[in-house]
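A.B. asks: In the order they appear, the protein sequences are chains A and B. FYI, in the working numbering the residues of the first sequence are 12 to 419. FYI, in the working numbering the residues of the second sequence are 12 to 419.
One or more of the hints may lead you astray.
Said to hold, decoys possible - What the simulated footprint calls covered on chain A by chain B, stretch by stretch (three residues with Cβ under 8 Å from a Cβ of chain B suffice, anywhere in the stretch; the number is not a length):
1) 31-38
2) 53-59
3) 144-156
4) 208-214
5) 282-288
To be verified - Per label pair, the in silico range of CB-to-CB distance:
6) A/Asp110 <-> B/Leu413: 21 to 29 Å
7) B/Ala105 <-> A/Glu316: 49 to 57 Å
8) B/Pro134 <-> A/Asp94: 33 to 41 Å
9) A/Asp94 <-> B/Ser383: 43 to 51 Å
10) A/Asp94 <-> B/Pro35: 16 to 24 Å
11) B/Glu249 <-> A/Glu24: 44 to 52 Å
12) A/Arg48 <-> B/Ser38: 28 to 36 Å
13) A/Pro134 <-> B/Pro39: 21 to 29 Å
Calculated directly from the structure, the hints in this document are not laboratory data. Since the model is a prediction, treat every value here as computed from it, not as a measurement. We put the beta carbon where it would ideally sit given N, CA and C, even for glycine.
Given next are the chains, with one letter for each unit.
2 protein chains.
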Amino acid sequence: MSDETTDGVGGFEHLLSEVARNVPTQSPYASVTSIDRAGVVDLSFGLPAPSLLPIEGLSSAMTTVIETDAEEALQYGGGRYADLLPNIVHEHLANRGIDVDDLEITNGSSHALDGVCRTFIEPGDSVAVGIPTFTGVLQVFGNHGADIVPVPVDEDGLDVAALERLIDEREYAGKPVPKLVFVIPNFQNPTGATLSVSRRQRLLSLAQRVGCLVVEDDVYGDLRYEGETPPTLTGIDENDRSLHIGSFSKTVAPGVSTGWIAGPEGLVSRIRPMLSPGTPLLTRSILAAYSEDGQLERRLTLVRESYRARRDRMLRALDRHLPPEASWIRPSGGFFVWIQLPDAIDTTPLLERAVENGVVYLPGAMFHPDDSPRSTLRLSFSYVDRQDIDHGVAALGETIRLALDTDA
Amino acid sequence: MSDETTDGVGGFEHLLSEVARNVPTQSPYASVTSIDRAGVVDLSFGLPAPSLLPIEGLSSAMTTVIETDAEEALQYGGGRYADLLPNIVHEHLANRGIDVDDLEITNGSSHALDGVCRTFIEPGDSVAVGIPTFTGVLQVFGNHGADIVPVPVDEDGLDVAALERLIDEREYAGKPVPKLVFVIPNFQNPTGATLSVSRRQRLLSLAQRVGCLVVEDDVYGDLRYEGETPPTLTGIDENDRSLHIGSFSKTVAPGVSTGWIAGPEGLVSRIRPMLSPGTPLLTRSILAAYSEDGQLERRLTLVRESYRARRDRMLRALDRHLPPEASWIRPSGGFFVWIQLPDAIDTTPLLERAVENGVVYLPGAMFHPDDSPRSTLRLSFSYVDRQDIDHGVAALGETIRLALDTDA
C-alpha cells in the first residue's frame, strides 16, 4: 500500500492534472447526506415524490421492451425503442414551441452540461453563472477548471443588466468575455425565480453582441403550476447562440438518469463526439416505451397537479409559521422555495439546530462558489407528504425564531 | 440559421476548446456501419451472440427490482440493489485473485478510461498505448488531447522491452515519460494476444522505476477458453502503480453499459469525483439483481463454453480457407482473430470487395492512430452463428486470393 502520509496517492500526485489536483474528493453533499433522518422531515434534496414514481408504467414498459425487442435493446445499438427516444424528445420540445435542428440524448442534465464544458471550456476559461445555483452545476464547471463569474439572481431570474455591466467592465479591464452564460430560466434552482421575457430577449441580444453562448438548463421547465409559459431561450433564439438542456429525472424518475441537449445542428454536432462515453441503451429503451404515444404528456399533466398542491401547501405553511423577518420568492413551478433570513443568521451552523427541531434543509452556502456565511436556505416541497410539509416548516419557523432571539 | 460556409458553427468556432476543434464530428465507424449487411456475414464488431443475451434472466431481475425495491431503485440513491453492485464486483475480482482496496461502478469501460484521462491527462500529455488497439480507446485519448506514443504488440502482447527503449530514448531527448501506459493484457483487442507473465512483471517494475501508471483494460479477461489464467497486473502490483478496468458489456449485455474501475484507494478516490456525471441507477439495480448469489459466475461458465466453440470454429475455418500468405495469432480467449496479410494488400479498399463476396470485417487501419495503409484486419467470432463463421471466412479467403492474384 502507498505511503499516503507523504502525497496522498502513493507517488502519483505529480501525475494528476492541474484541475484534478484541486477537485475535492468528498461530495459537497456529505455533511447533509450523513444526517440521521429518523423522525426528521426531509426538505433538503430535490427528490421526486415517491408516490409519483411511475412504477407500474415503467414496469410495463420493461415488459414491452423485453417481449418485443429484447435482442436489440440489450445489444450495442439499442434497437427501435432507443432509436425512438430522440423523436419523443423532438415532439415534446415542439409541444413547448421549441423547434430544434438537432438533439442528442444524454445520461441526464449534468452529463449534457459536462459535454458542453468539454467542447468549450479549457482550464481558466470564464463562464457566467447565475448565483446562487445548483451545486451540481458548480461541480461540473469546477471539474473543468472553469473560472466562475457570478451574476446575481433576483425575483425575475438572472440579472441580465448586471451581467452586461460585468462583461463591459471585463472588456474594459482587458479580460475575456465569458465563453458561456449558464442560466436556469424556469423556477431556478435554488431560488425558484423565473427569468422574465424581456430579460430572455436581452440576454440573447447580449450573447449575439459579445459572441458568447447561452446554456439554458430547463430541467424544471415542464413543471409549471400557474401563469403563462414564457418562450424558452432556444425557442426564440434566431442567431444560434443558445443550447437547451432538459431531463426526464424530475418528471419521470431520477433512476432513469436520462436527459438531452438540443440546439442548432452545427453546435450539437460539435458536442456529440465530446460527450463522455457510456450509453445505457436498455434504460433509454424502457424510457421510450414508457413515453411513446403521448404517454409522457399525460404524465406531465398528472405530476404538475400533484406538485402544485404541494407547493401551495408549503407556501401556506410558510405564511403561517415563518417570522416576518423571513422572505421568499413565490415559485410558479419547480421543486423549491428559497428563504432569505436576516443577514446575522448563518444557515450552515443553524442546520444542526433545525435537525434537532425535526427538519433538514440545504444551507445557502452550498449554492455559492465560495465559502462565505450565507443567511439563505433552500426548501424542497417535492419529496415529503403534505402534512409533513406543515410539520417541517413549523420546525423551521421555530428554529428561526430561536436564532433571532439568541441574536437579539 | 448560421452561415456555416464561413466557420462551421455560426460564429462559435472561436469558442471551441483546442481539443474539440480537432475532434472529428463523424464516428470512426461510419464507413463500416453504413454497409448494407443484407446477405453478408458480419464479422466486424465485437457484439455478443444474440442467443447468449440473458433476456430471461434480466427480465426476471427487473421484476425482482420493481417488486421489492422500486421506490428506491427509481429514486436518486438507487436503493439496495444498486448498493449491492460494488460488492458483487469486489467478490468477482476476488475470485480472479484481485484484492482491491477500492472500486467505482462506471457506465462501461470507456467511461472508466475517460475518468482516468480526466484525472491525469492534460492536452499534450503523452500516453503509451499498445498499437494496434481498440478504436474506442483512441477516441477517448483523442478527446483529451493526449499525445499517443505507440508501442508495438506481438504474440505475447505489449512489447515491454520496446516500451522501455522508447521511454529511455524520450528521457535522453528531454521528453517526459508517458503519464499512463494503456494495456489490454488478455486477448487484446484487436490482436487477441495475451501479455506474458514475465512482461506483466517487467511492466510493473518499469512503471515503478519511471513513475508512471499502468491502466489495464480487462474487459475480455473473464472470457478465457483455454490455458492457465495469468495474474492481472493489479493483482500482482505491490506499488500502487496500476488501475483495473472491467465491464459487464461482453459477459452480460452491452445494453446495460456498466463497468468498473478498481485499484488502490488513494487513486480511485481521486478518479471518483472526476468521472463524468450521469448514473443510470435503475440499470445498475437490474444488473445487481441479475448477478447476485453467484449467478454471475454461473453465467460466465456458460458463455465461455459457447464462445470457445465459436473460436474453434473460426480457427478451423481459417486453416481451411485462408491462403498460406495469411497469418494470425491463436487467441486463447476474447472475441477476435487478427489477420496479417502480405504488405502489398491494403485492407481498407479491400473491404468493398469482401462485402461483394459476402463478408464484413474491420480494416486494420481503424486500430491505428494514423491513416497509413495497413495489411491487417480484425475478425470477430462472437456475433454470428457457427455455420455463418464458415461462410464468412470462406468469403474472406476468396477475397484475399483474388487480391493476391491481382497483385501478382
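A.B. asks: A separate judgement is required for each hint: does it hold in the structure or not?
C.D. replies: Consistency of the hints with the structure:
Coverage of the segment 31-38 of chain A by chain B holds [criterion: at least 3 residues with CB-CB distance below 8 Å; count 5]. For the segment 53-59 of chain A, the stated coverage by chain B is satisfied: 3 residues place a CB nearer than 8 Å to a CB of that chain, which reaches the threshold of 3. Closer than 8 Å: that is the beta-carbon criterion, and the segment 144-156 of chain A has 4 residues meeting it against chain B, so the requirement of 3 holds. Counting residues of the segment 208-214 of chain A whose beta carbon lies closer than 8 Å to any beta carbon of chain B gives 0, which falls short of the minimum of three for the stated coverage.
As drawn, the segment 282-288 of chain A meets chain B at 5 residues by the rule of a beta-carbon pair under 8 Å; at three or more, the given contact holds. A/Asp110 and B/Leu413 have their C-beta atoms about 51 Å apart, which leaves the hinted 21 to 29 Å range violated. Between B/Ala105 and A/Glu316 the Cβ separation comes to about 50 Å, which falls inside the hinted range of 49 to 57 Å. Checked against the hint of 33 to 41 Å, the C-beta distance between B/Pro134 and A/Asp94 comes to roughly 34 Å, which is consistent with it.
At roughly 35 Å, the beta-carbon separation of A/Asp94 and B/Ser383 lies outside the given 43 to 51 Å, and the hint is violated. Our hint of 16 to 24 Å for A/Asp94 and B/Pro35 holds, since their Cβ atoms are close to 23 Å apart. For the pair B/Glu249 and A/Glu24, the supplied restraint of 44 to 52 Å is violated, since their beta-carbon distance comes to about 19 Å. Look at A/Arg48 against B/Ser38: about 46 Å separates their beta carbons, and that is not inside 28 to 36 Å.
About 27 Å separates the C-beta atoms of A/Pro134 and B/Pro39, a value consistent with the hinted range of 21 to 29 Å.
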